[in-house]
Every structure is written in C-alpha cells, then in structure tokens.
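Engineer: Now for the letters of each chain:
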Amino acid sequence: MSDIYDLVILGGGPAGLAAGIYGARSRLKTAILQKGKPGGQAATTSDLENYPGFSRGTTGPELMGHMAKHAESFGAEIIQEEVVDLELNGDIKTLKGRSGKEYRAKTVILAPGAEPRTLDIKGEKAFRGKGVSYCATCDADFFEELDVVVVGNGDAAVEEAMYLTKFAETVTIIVIHDEGILDCNKASAELAFANPKIKWVWNSVLHEIKGDGLVESVLIKNIKTGEISEMQTNGVFFFVGTVPKTEILKGKVELNEQGYIITNDVMETSVPGVYAAGDARVKYLRQVITAASDGAIAAVAAEKYLAEEEGFKERVLNVKEPLMVAFWAPQNEDSIGAVSTLEKIASNKEGKVKLVKIDTYRNQRVAQRYDVKIIPSVLFFQNGQLLDRISGVFNEIDIIEKIANVFSET
Amino acid sequence: MIEVNKDNFEQEVLKADGLVVVDFWSEKCEPCKALMPSVHELAEKNAGRAKFCSLNIAGNKRLAISQKVLGLPTIAFYKNGEKVAELTKDFTIEDVEAKLNDLA
Ligand SMILES: Cc1cc2nc3c(=O)[nH]c(=O)nc-3n(C[C@H](O)[C@H](O)[C@H](O)COP(=O)(O)OP(=O)(O)OC[C@H]3O[C@@H](n4cnc5c(N)ncnc54)[C@H](O)[C@@H]3O)c2cc1C
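Residue numbers (the numbering used here), protein chains in the order written: chain L, -12 to 397; chain Y, 37 to 140.
Derived by calculation from the structure, the hints in this document are not laboratory data.
The beta carbon of each residue, even a glycine, is placed where N, CA and C say it ideally should be.
Please note that the accuracy of each hint is not assured.
[What the hints assert, rightly or not] DSS-like cross-link-like pairs, simulated, lysine-lysine; straight-line CA separation at most 30 Å:
1) Y:K69 x L:K16
2) L:K22 x Y:K97
3) L:K109 x Y:K125
4) Y:K87 x L:K186
5) L:K22 x Y:K51
[What the hints assert, rightly or not] If you want the footprint, here are the derived chain Y segments under chain L, 3+ residues with CB under 8 Å:
6) 50 to 58
7) 80 to 90
8) 105 to 119
9) 123 to 131
[Stated by the list, open to error] Pair by pair, the computed Cβ-Cβ distance ranges are:
10) Y:G95 x L:T105: 47 to 57 Å
11) Y:Q47 x L:I249: 53 to 63 Å
12) L:R356 x Y:A140: 31 to 41 Å
Please work from the sequences and hints to get the whole structure.
Structural biologist: What follows is the structure in structure tokens.
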C-alpha cells in the first residue's frame, strides 16, 4: 500500500500552489499533481502587474516561479503528473496519473483551472500552430515585422495585444462593440488607444481564416451592415475567455451547465473531503489573487475536515468500549452542567463507560451527520455503533437508566 | 539532441537519411520548456531509431516559417528530408512517442 497523503491537490496554477503553501505549512502531508511545469495560465502571460505586492514589471512566469518555490519550501511535493481519473467517494480518495501511478489522499483540492475558449471559426482549428494562437508569450516571436489580428477585447485580449506590439508591425483588434467601447479595464484601454501600432475594427467579428499551409488572410464580418471584407494578415490571436478544464470531473463532483465546479464559500464541493479552488469554480472574478485566495480557504477547510473526521474516528468510531458522547458548547450553560453530571457518572463507572466531549461548534459536520439539533445531547456508542441517544437537558437518573438499558454488560 | 539552426538545418535534417525529429522551441515558451525534459528522455530511449534535433526559433524564425511552423510547441517528423508528420500546440509526450513508433 502506497503512502496516504493528507492532502492531494490537482493542478499547480496559483490556486493549487496557494493551497499547497497553506496545507504544507499546517503540517499536512501535501502533494500537488501538475501536468508539465507549475504556474498555470498565469505563467503564460508576460505582464502580470495586478497581484498585490508585485508591482510593475513583474512577469507571469516569475511570479509563478516564486509561488512554486514557496510551496516547496514548506514541504509540499510538486509531482509532474497528469491526473486522468479520480475516485472521490469514501474516506480515502484515489487520483490516477497518466504515468500509471495512483495517489491516495484523505482530502482533495481540485484546481484544474481553465483553458482558452475556441470559437470554431472556419480555419481556426486547421491553422493552429500555423498562425492561429492562444498564447502571445509562446508565439509572439514569430511575428516580428509581420501583421497580426487579435480577437477579443477584455483585459487579457487588450493586454496581450499590447505585448504583441513589441514584436509585430501592426496589431489589429477586432471588436464586436461600437467604436470606443471595450470590455477591458480603463487603464489598459487608454494605453491601447494611444499605441500607434494598434488598429481597430469596430462592430465586427472574425468570419473565416484563410491561407495555404500558413495563415494569409482573414474574413471580417461587420455585424451592423453584414458586409464581409478580406484582410491580409500573418497571425490570429484569440483571447475570448476561457472554459474550465473539468472534463474528467464530470459525474465525480457537481458541475454547473458550463462545466464549472459548484462550491460553497468554504470551497466544499458536493463530495465530503473534496474542495475546489480557482478558475475552474463558479465565481465572480477569475484572477491570480482570487485563485490564491480560494486555495488558502480550501486548504484550511480541508485541514479542519481532517481534524474533525480523524478526531471523531479515533475517539469514538474506533473505540470498542461503551461511550457517552456529549455534544456541548462552551457558551451553552445547560450543556456545561450536563457535562459535569456526565463526568461524575463516568468516574463512578470506573472506566466501564467513558465520556467523550464534542465541541459542537468545532464539529458541525459530525453533529450534522448524527442529526444533533439540541445542545446538550448525549449519544451512546459501542464498537463504533450509535445505540441510543438523549436530546436536551437530562438528570443523573435518566443517564444511569439509559446506560443500564443500552450497555447490557455494564 | 542535436542543436539545429539556419546554418546546419539543411545538412542535419533535409539531407539526412531516415527519421529525424525536430523539437521547435523558444526561451519564452513555457509549455515548450515543460515538455523538454521528456523529449530528451524519449531521445535517449530511442537513440538508434531516429535522430533527435532541437531548434530554438530565436534567430531562426525564417527557417521555422519556411518549415511552415508558426506556433509553439511544435514537433515535426522528417523522413529522408521530407516532412511526414507534425504535432503542434496541445499534445503530450505520449503523442510524440506514438507518432515515433508509427514512423520508425
Ligand atoms: C493570457 C492571460 C493573461 C492573464 N493575465 C492576468 C493578469 O494580468 N492578472 C491576473 O490576476 N490574472 C491574469 N490571468 C488570469 C489568471 O491567469 C487565472 O485566473 C489563474 O491562473 C487561475 O489560476 P488556477 O490555479 O485556478 O488555474 P490555472 O492557472 O489554469 O492552473 C491550473 C493548472 O492545473 C493543471 N491541470 C489541469 N488539469 C490537470 C490534470 N488533470 N492533471 C494535472 N494537472 C492539471 C494545468 O496544467 C494548470 O497548470 C490571465 C490569464 C490569461 C490566459
């Protein structure tokens, strides 16, 4: 049997790496499974200037290199592995790698991120790597002194177009909106409008990409007039948003219609012990900072889950002897009185019946599982089995009678 | 892996007999660099079956474009100087290995 990790994280982008930092730092045995080099989408953009504390001039690969080292410095293992299948139900979860290895974990954080959306325009697929690109830093070099077209007008599109102007002769941005209207932030828009290498085509969409072996021209359709015009170009860059990389998660955790993982605000998915973080999750803002934030929350939630589940297993489920399990809360007067009554009974029983105190507030998952709605509540366990319960305030006699009934041999 | 460039490409690839695998990459292409260690490993394992070359497109852009390569990562397969297959963008090392086994 291979080692069991406390926490295995699928994906080594900013979400996965931040989760790794928090997980490993709280002494969880943590592994990050990452296909290829860590860093995710953030490592594919040259200028990354809005992550707090890392100002102008910061590059994506640089920031992500720091994050990966940071995670490793606390003991997170970054393993180069593509996860191809997962078994998430049960206490021990298994992630299967393309290498054939299996990774076993008590908790899992899913942080597979997203990938560029494709539009399925005629020629888009055929000319991939032949002039069609989704990654400016990968391919900008080729277009020195050549002309390129950018499709899209959000933050990524306009910022990557600016980067392309360092190489290309002209960068023509095709915008679906009326003249002057962009979806990107104002600062980037102003810079782009002032850049002499950037040309604009308004009210238009890309209709077709043409060429012979390599891209030679594009057909652009004006959505107001319906008119289609041809423009010579050497490259077409698409930045029209992203889609979640959650294909392998279908049927494993709950996804929404677009394939994003559904979580609550502590990053819990529909499966106990399984969390999600970053761009692959249903959320409002998909950026490095929010990915890192998700990762931190997910790791802390996973750690709490482990402490609660392991603690309950050790103290209650794995114990053979008769147990009184008291659900109490320090701020609940009745429950404090109840606990001292139970302590007295336990000491009279001289170890034949033991008392386990569960702070309900810190163990809400367990309380919910056993349907504990009233504090105090006493649940009677033996050999890990729930045999009976008393909900609400009780007196000493109630308990003594219950013990005699439930645990015949005492 | 043999470093090829505009000066020796003709000799090492186009005039070579048998199967030649060319890994097009650049310093700025993160996916290329992520793939590289496994390409090197594959090259070592298959030393007798094909010649493995790597081509840094910095300074060799025209050469890359003449080979109809305009995007990274790209791995091209040549047989007796003719390009017979190519993998570009989303491919894995397993795809490279499968293609190699097809052609070798
Ligand atoms: C061009 C561009 C420019 C951007 N610019 C900025 C910017 O300036 N500022 C900013 O804050 N944000 C920017 N973003 C957005 C930012 O990059 C993302 O929000 C962020 O990277 C999301 O992090 P993530 O960890 O959720 O996912 P990702 O970064 O997508 O990382 C997920 C990782 O998981 C891996 N993975 C997926 N599936 C598997 C599997 N089955 N097995 C193993 N590994 C797997 C992937 O290989 C990837 O490395 C930009 C994005 C793009 C595309």
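Engineer: Output the numbers, in ascending order, of every earlier hint that fails for this structure.
Structural biologist: When the structure is compared with the hints, numbers 4, 5, 6, 7, 10, 12 turn out to be violated.
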